[in-house]
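> Sequence:
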Amino acid sequence: MENYKKVVKSRIWMLSFIVILAVGLAIFDVFWASDEMKESTIYGFQSGVIDALGILAAIFLIRYKKLLHNEKELKIQYNKENDERMKAIKAKAGMPILLITSLAMMIAGVIAGYFNFTIFTVLIITSVCQLLVSLVIKLIYMKIM
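Just so you know, we're using our numbering here: the sequence shown kicks off at 3 and counts up by one.
Calculated from the structure, these hints are not laboratory results. The model shown is predicted, which means the values in this text are computed figures rather than measured ones. Some clues are possibly wrong.
Each pair of labels, with its calculated beta carbon distance range [said to hold, decoys possible]:
{"id": "1", "residue 1": "45", "residue 2": "128", "range": "15 to 23 Å"}
{"id": "2", "residue 1": "85", "residue 2": "30", "range": "17 to 25 Å"}
{"id": "3", "residue 1": "58", "residue 2": "78", "range": "30 to 38 Å"}
{"id": "4", "residue 1": "82", "residue 2": "102", "range": "31 to 39 Å"}
{"id": "5", "residue 1": "87", "residue 2": "135", "range": "19 to 27 Å"}
{"id": "6", "residue 1": "18", "residue 2": "78", "range": "17 to 25 Å"}
{"id": "7", "residue 1": "5", "residue 2": "58", "range": "22 to 30 Å"}
For lysine-lysine, the following PhoX-like pairs were computed, each having C-alpha atoms within a straight-line distance of at most 25 Å [claimed, not checked]:
{"id": "8", "residue 1": "77", "residue 2": "8"}
{"id": "9", "residue 1": "94", "residue 2": "40"}
{"id": "10", "residue 1": "89", "residue 2": "140"}
{"id": "11", "residue 1": "94", "residue 2": "82"}
{"id": "12", "residue 1": "8", "residue 2": "68"}
Ideal Cβ positions, reconstructed from N, Cα and C, are used throughout, including at glycine.
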């Protein structure tokens, strides 16, 4: 269980970094973003994605901090994460690499949005389609297995 506590602590550090980054970008958007940048068609989407990422990271951060203080909940979460059936289903659905590549494509799309709208659109749509296909496959395997 001590190894799992180390894993949870490393997740807390990563999530803290994401929250700080999202807050920093939100502050930049409010105070220092140029009017030209704010008038672009992609600005709202980019701000929303960054804000949503920060909020989700904060929610998971709170959840993991609560886990560290409750040994019973920590053990339940450990058992959920190490369930053999779910591991097999996730592997067949292409997780975690598909999730990582989709998130990388979304981040690249948000960055590319400042330069080219077409690349932004293609990357975002492709990453969402990847995630939807993976979700459908996961749901199918959950019914079958």
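> Determine which of the earlier numbered hints do not hold for this structure and return their numbers in increasing order.
2, 3, 4 and 9
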